[in-house]
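Undergrad: Read off the chains here:
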Amino acid sequence: MSAVLTPRTDSPKAPAASVDTTSAWSRWANEHRKWLFAAPAMAFVAVLIIFPVAWTGYLSLTDAEGSVRAESEFIGFQNYLDVLTDTDRFWPAVWRTVLFTGVVLFFEVILGMAIALLLWRPFRGEKWVRVAILLPLVATPVAVGMMWRLIFDPNIGMANQLLGWIGIGPQPWLAGQHSALPTTMFIDIWQWTPMVVLILLAGLTSLSDEPQEAARIDGASSWQRFRHVTLPLLMPTVIVAILLRGIDALKTFDILYATKGRGGGSFHEVETLNVYAYGLSFDYNDYGVSSTVLIIFFLIIIGVMWALTYRKKGLGR
Amino acid sequence: MKPSKPYRVFRNSALVVVVFALMAPLLWMIAASFKTNVDIYDTAKAFVFSPSLKNYETVLQQANYLEFIGNSLWVAFAATTLSLLLGVPAAYSMSRFNMKKSALVVLMARVIPGVSLLVPWYYVFSNLKLVGGFSVLILSHMFVSLPLIVYIMMGYFDGLPTELEEAALVDGLTHIGAFRRITLPLSVPGVATAGILSFIFSWNNFMFALVLSGSDTKTLPVAIFDFVGYASIDWGGLMAAATVVTLPIMLIALFVQKYVVSGLTAGATKG
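Chains A and B supply the protein sequences, listed in that same order. Just so you know, we're using this note's numbering here: the first sequence kicks off at 236 and counts up by one. Just so you know, we're using this note's numbering here: the second sequence kicks off at -2 and counts up by one.
To be clear, the hints were calculated from the coordinates, so they are not data collected in a lab. From the three backbone atoms N, C-alpha and C, an ideal C-beta is built for every residue, glycine too. Some clues are possibly wrong.
As the list claims (entries may be wrong) - Per label pair, the in silico range of CB-to-CB distance:
| hint | chain 1 | residue 1 | chain 2 | residue 2 | range |
| --- | --- | --- | --- | --- | --- |
| 1 | A | 405 | B | 50 | 46 to 52 Å |
| 2 | A | 451 | B | 63 | 55 to 61 Å |
| 3 | B | 7 | A | 337 | 49 to 55 Å |
| 4 | A | 459 | B | 48 | 49 to 55 Å |
| 5 | A | 323 | B | 11 | 41 to 47 Å |
| 6 | A | 270 | B | 228 | 54 to 60 Å |
Unchecked claim - Which residues of chain A face chain B? A few of them, derived with a C-beta cut under 7 Å, are:
| hint | residue |
| --- | --- |
| 7 | 275 |
| 8 | 536 |
| 9 | 538 |
| 10 | 542 |
As the list claims (entries may be wrong) - Capping the alpha-carbon separation at 25 Å, the derived lysine-lysine pairs in PhoX-like fashion look like this:
| hint | chain 1 | residue 1 | chain 2 | residue 2 |
| --- | --- | --- | --- | --- |
| 11 | B | 97 | A | 269 |
| 12 | A | 269 | B | 2 |
| 13 | B | 255 | A | 362 |
| 14 | A | 362 | B | 2 |
Required output: the full structure, derived from the provided sequences and hints.
TA: See the structure below:
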């Protein structure tokens, strides 16, 4: 920390340590440092994020399709009318998105809570368990999808072999029209439950021991202590976990594309809103309609987030 | 207080199940990457087989993976470095001047679906003939990295006492000098956390590269699909490719486990 002991200004010519002797540029920079520091990042966000989102909004009101150089016409809310009355692709995709998110969140939070409670108090071998928790989390999702594709292969996969050993017949897993979506949910739960574990564990570790002890002295059973002491105190962290996982689960793309390919499979069996919007944009080049789907999707995400943060504030008190 | 013996037995057996469920699929993938396709199709050879390096030969030599590894490294490195340069000072300003609204705008990027960005980007950048080059790919990865870095660093700066900076000001440093010589050196763990997480997310990113990369700039997650044909799948090659993609990032994460965990859980306990 020599900088503290030998005060110097940024200009090497200034012998005395005084703001007045520094250059005009340095004075200006220090005065406006708030915006000078923030401006580059803000500009990046404005040009490369806000502008594109605004443009998506504009495209959703046009009939843009085909080549990106093709002419497009302003057609008002026609796309919204078409999309919202489309019971063939749009509404099933909404339903799958909601179902996927709801189911994986449910299992990830329950399992995540159980595993976090197991890991809460120190024990021997803790280090190795933590390694096992971390690995699925950082594994490349596309590679994870491919890995499960082999395990769930109806003919040569380990999953059906295991079932065979306990006397259950082979299942189609990812290849089945009705079993594909639940199988992708399983993959998502496998990969992302560790995320919930880490968040809840951080929350548990930050709790003070005193309320627990007090309840123990009052004769509360371990379930009562969890239900009436630990859980209420942990609730804000649980909501954060649901919020972070929920946003990502709604936007799941990689494992769906890796396991079922374009359009969520030949019967669109795993086609969620994100997969549908991607297909409309880059398989069909139907930019107008895809922008409409994206705007609606975006509004759904914002709505869910708002509802959850609203609830979080209510529970925080 | 020590947990009771029955609970300890229950906990240990439950943890064995958890560790097995998480690790077994990964080990299975790695094992399959050392099998020939004949062995993969032969269920009798599920556990006992003679390991072969043939799949890795295919992946690294025929399938050109050395080039894709280079592409992935370059994109992740460039996106992370640029995002740190933009994100760290911005996070500092937002933390010290309490710029809640500006922070919210940056963090909204975490919520926006990536596709809604890709459509306009594809429009603009294909007209500029930039699609397929590294520049657009790196910019697109910054869309993920920058908000992540701002989020983690804001939390870090919030937790750093301002007294040290004030002392430096008294000693004659300028505000920017105090940031550069006092705050920044103290923030090395935070910057490391943010940088590592950004690198991992960029390395794993698939959707942006799927649209914006060309044959010369393809990153590893996209290159995996070279092993998935319309008619048949080269399972051995596919598992070797998946291992080549994901093993390096898992090993890196193990070495810097502490940083990865603190980054992933950043801000979770503020309530």
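Undergrad: So, for every hint listed, does it hold in this structure?
TA: Going down the list of hints, with the structure as the test:
no. : hint                        : result
1   : A:405 <-> B:50: 46 to 52 Å  : 32 Å, violated
2   : A:451 <-> B:63: 55 to 61 Å  : 59 Å, holds
3   : B:7 <-> A:337: 49 to 55 Å   : 30 Å, violated
4   : A:459 <-> B:48: 49 to 55 Å  : 53 Å, holds
5   : A:323 <-> B:11: 41 to 47 Å  : 45 Å, holds
6   : A:270 <-> B:228: 54 to 60 Å : 58 Å, holds
7   : 275                         : 5 Å, holds
8   : 536                         : 6 Å, holds
9   : 538                         : 11 Å, violated
10  : 542                         : 14 Å, violated
11  : B:97 <-> A:269              : 13 Å, holds
12  : A:269 <-> B:2               : 58 Å, violated
13  : B:255 <-> A:362             : 11 Å, holds
14  : A:362 <-> B:2               : 21 Å, holds
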